[in-house]
Every structure is written in structure tokens, then in C-alpha cells.
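2 protein chains.
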Amino acid sequence: MAGGEFDLIRRHFTRPAPPGVLGVGDDCALLPPQAAATAVSTDLLVEGRHFFPDVDPRALGHKSLAVNLSDLAAMGAQPTAFVLGLALPRIDDAWLEAFAQGLYALADAHGCPLVGGDTTRGGAGATISVTVFGAVPEALALRRSGARPGDDIWVSGELGAADLALRLLLDEPGLPVADRAAALAATRRALEWPEPRVALGLALRGVASAAIDISDGLLQDLGHILAASNCGARVCADDLPAAAAVAALPPDWRRRCTLGGGDVYELCFTAPADARPRVAEASARAGVPVARVGAVEAGTGLRVTDASGAPLRSLPRAGYDHFA
Amino acid sequence: MAGGEFDLIRRHFTRPAPPGVLGVGDDCALLPPQAAATAVSTDLLVEGRHFFPDVDPRALGHKSLAVNLSDLAAMGAQPTAFVLGLALPRIDDAWLEAFAQGLYALADAHGCPLVGGDTTRGGAGATISVTVFGAVPEALALRRSGARPGDDIWVSGELGAADLALRLLLDEPGLPVADRAAALAATRRALEWPEPRVALGLALRGVASAAIDISDGLLQDLGHILAASNCGARVCADDLPAAAAVAALPPDWRRRCTLGGGDVYELCFTAPADARPRVAEASARAGVPVARVGAVEAGTGLRVTDASGAPLRSLPRAGYDHFA
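Heads up: the sequence lines are chains S and C, in that order. Position 32 of the first sequence, counting from 1, maps to 32 under our numbering, and the rest follow consecutively. Position 130 of the second sequence, counting from 1, maps to 130 under our numbering, and the rest follow consecutively.
Excised from the complex, chain S in its bound form (with noise of 0.2 Å):
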């Protein structure tokens, strides 16, 4: 790194460490001892396939750290600490400002500092790396294995709008929407800002049976939880809580949304049918609604149906391709 890299670090990441944490300025952070297990969870974000590159920083800034917080929920995993790396084109200290902010002000939200990281110019866009911490006692931590035949299958907040979004900024051609305007003001937010749902996982610890984020859409995500556990399962595709704007889509278009579109950082997770008085307790705490959407079978395969019942004939692409 040279001379005129480190005063960057310096200006825009650099703040005290908390007590009992060397934070930036050594070879390695250190974080103190901990009883729990230590969570980890890396993304890397890459300009043109994970954001455009005249994306609000301050929402870029949210969201680098968001879509690993959303990791962490999903293990229902305490959020302690951070580490960035940022490779650069060019430096340009406006958006650098705007960047950190939104960075530092869900760091904050969530009580987890960054405690170190890597800054360095070069690449032809942006590329950003999050390597995120987190407690959670290991007989507690939320797993992808642990669905069992008849266990409901839940999922929070509502789906969709980030897909709607991504689409309507693509222009895509065919999209049922008169005005395009209004769908994408009402949606953006969804894409740019997600909200990880920390609070929900470290309620539904003890009480969700296996937890996923949803960051490669509903059918692919609920489809991992489902051969790590070795379960087949039945969704309702009427049943998804769709967001508003996504609600209005016809029945097509919505399945599309709600079922494939990715981006979400909304919780799916599996409980067993008497928990959901606790299920309901664990919302009610994280102040997150949920939405049962289907079931746990056994067997293998994941069966899509209508509200009649009907399974649905064609699904949405399986795998979220992000940009491409």
C-alpha cells in the first residue's frame, strides 16, 4: 500500500477500537477470547455484477455489511466485529465519505465495529469484501441441516420487491407495469437497503429447526436447506408475502418475483408445527413479521403449488444469476 493509501484508510475507516479489541493499525486486529462459537461469514461484492456503478454509495456502504449481517442472522449469531477490503479504481474522497457512512451506520446499529481491513487501488471497478464475526453458542447456532418431515416452513418480511427493482432498473422488456417510475420508488429501497434480520435469528434460536438467508431466491435457498437436511418439501406460491408492488404483478410475474428473485436478505426457516406459538413470540420480539409458507415432506423435491393446490407447471429460473 503507499503513502497516499493509507491516509484514505486513515480519513474514512480508521476510529478507536473497542475496549478489548485492537482494531486498524497492526499486522492483525485481535479479538478478545469469547465462550461461544465464532461465526464467520465472507461476501465479496463486485461492481456490474452485485451493484451498478453509479449505485448511492451510502447504500452500497449498507449494504456490503448488510449481506453478511444477514449470514449471521441466518445462524442466529451475535454480530461482534468486522474487516473490510476495498479495491479501487481510483480514489474519490466524496465517495469514499458517502461509503463509510452508510457502512458505519449499520456497523453501528448492530454494535459491530470494523476492527481492520485492506485498501488498495486497482481493478477496473469497484470490489468490495466482507468478512463479518459473530457469537453464537454451538448447540444454538441455526443450520441448514436440521429440517425435519412436517416441520413448517416460515418466511419473514415479504418478498420480491428487490427483484421487481433490479428489473425496473434494467428496463426489461414485457414487464407488466404501467408506471415504471412509481413500481421502481417503491421497490428500490428493498434492493439498495437491505435489512438484515439479525434480531429474528437470535430470537428463533431453540426455536427454528434450520435458517437460511434468502440472497439466491426462495427456490434455490429453501432447496439447500432441503438436501442438507435430506427432506423434500410443499410451498404454496399464492401463500408468499409478496410486497405491495409485487402483489399487483399478475399471478406470473409475481410467482417470478417472489419464488426466484434474489437480493432479498429476508429469513426462510423451518419450525417444528408445535412451535408456533414461539414462533409467533420470537416475530412479535424482533418486531419482524413471518409468514408460513409451506412444509417440510419427506422424500425428496421441492413441490410448488397454486392456491387450488395445483402444482404449478413452469417455475421461475432456479439459480439467481445476479446481474448476468
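Since the hints were made in silico from the structure, they are not lab data. All C-beta atoms, glycine included, are put in the ideal place defined by N, C-alpha and C. Treat the hints with care, as some may be off.
[Claimed, not checked] Computed from the model, here is a short list of chain S residues facing chain C with C-beta under 7 Å:
#1 Val40
#2 Ser41
#3 Thr42
#4 Val46
#5 Ala135
#6 Arg189
#7 Asn230
Given the structure of chain S, go ahead and fit chain C onto it with the hints provided.
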């Protein structure tokens, strides 16, 4: 992430997690509680800035982890695990296989398993992010801030070879090297396959008063120790241990490579003069030679002299700016 990318990860980067660790395949990795502090370091490697597009991918896999292990070494930490972020413009199976081989070989040599990651297509060139974890009792961690006036200044191994190799690969004009091919053959390994000095870092616990790894050049990195310790120092440029191909250069070029050359990944550390026998013992235990190159002084500033004790008039650039 799309289906094809999941396959990519599965094929090259999924190995069973070690006992006590929940590895690749859930939202987070879970590291077991440890009584020591957790040392954390993160580095980004960007194509065209930190490595050439045509670099041997095995070497790149090695170096991606090596530069992070070197940070643990500089803290006296024992490596425990790492996570990997990989953004690739295209998916090349042979390249990935070789990259994974180089990465895993070094990870295995240090008992440091890969426990999680994120792989994505995107970007104009490859970007590699590694975050590594280590264990060190907090009281024994080697910090930058512990140097005191009167302490000796030491460096491990030899300096300058990586810098000379880079100059040769860039075909730098004016370089006074008669047989460039032979010089490159003698120095290239230092640039592409650096050996992190983990064993030396562990052996220096309780012996060294401060330590850093030389990534940006001795002048700059020693400068970080002095700044953190509020001290000055005197270094004799002609006492610096130089790789043979570097020692053969005229004095001004030799000093440029040893004082300013980055990408070294040797340790620079300080220790009280009465600890010399224990430094020698640590060096022998780790099997890594060390050389005494100067002394910490009261005040500020770094004075560099030649063998006669006369100050050097012009010093190499203070910051190592990679390929810029």
C-alpha cells in the same frame, strides 16, 4: 451465485471441515471457542496490481494465503483457519485446480483449513480476498507499539529478491544486470512463493518487543513500528541481509532493493539488547536466519547510514506502490 458457480466451489474448494469446525456449506463457518485471542488479517490481491495476469496459478494460490499468514506471523499468532473470496472474470477449470493446489498445500503445511468462502464471476481481472484467523494469548501478541530506545532491530531471511524479480519481469530500463534471465531465475521464487515466517513469529513470543512483516518495504514497515512506538531508529543499509543476486548489484541499486523493496514477507522485529541469546535461539528453533541491522533510538526519524556510518543522501521511495 448461480448453479454453475456452486459446482465450481464444490469441485475445488470443498473439503471436509476439521473436527469442531462447521465449514463450507452453511451460511457461516463456526469456529470453536478458544481461550486465546483471535488474530484476524485480511488482504485483497488484484490482478494487474498485485500479480500478473499470466502468473502461475499455483503460485498465486500459495501467495494469496502466504501474505495473510505473514500477518499472523508478525503478531506471533498460530494460524487456525481462513476464508476465501474469489471474483473471476471467467471460469477456467485448469486454472482453478492449480490455484486450489497451491492454496491447499500451504494451508495444510500450517494446519490452517479453509472454512468458508464466496466465489463469483465478475470483474475485468481476478480479485482474491483472504481473511485468516490465528490464536495468540493476548499478553504474548507481538505488536508494533512495543519498541523501546536501545532495542536492537532485526530482520529475518534475505531482502531485495522479490523487488529485483519484479523489476526484471517489468523489464525495467537501466537495471545494471548483465544476465537478466539468470537473475530472474534466482529471484522469481522469492516474489511468487514467499514463505510466511509463522514458526519464527511463534518463537519470538515473549522475546521480541515489536514486530511487523515486510510487505511494503523495510523503510516503510519499520517506520510503522517507530510511529506506533514513538521512537526513532538508526539502520545501516550495508548490514542488511541481501539475496545473492541483489548483493551483486552496485550499492545504490542494492540499497534500493533491500530498503525499499516490498513483497518480502520477512519479519522486521525489535528486541532488547540483552535478549540477543534468546533471539538466536528463536532463529535456530524456527530454522530461519536473522540479522541485526540497527537500533531503536529516542526521538523520531529513521537514520540510514552506509558501512562507514555516513548518512545516505538519497533513500528509495518510502512507500512501496506495488505495480504502480
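Outcome of the hint check:
no.: 1; hint: Val40; result: 5 Å, holds
no.: 2; hint: Ser41; result: 4 Å, holds
no.: 3; hint: Thr42; result: 4 Å, holds
no.: 4; hint: Val46; result: 4 Å, holds
no.: 5; hint: Ala135; result: 9 Å, violated
no.: 6; hint: Arg189; result: 24 Å, violated
no.: 7; hint: Asn230; result: 14 Å, violated
Consistency with the previously given hints fails for numbers 5, 6 and 7, ordered from lowest to highest.
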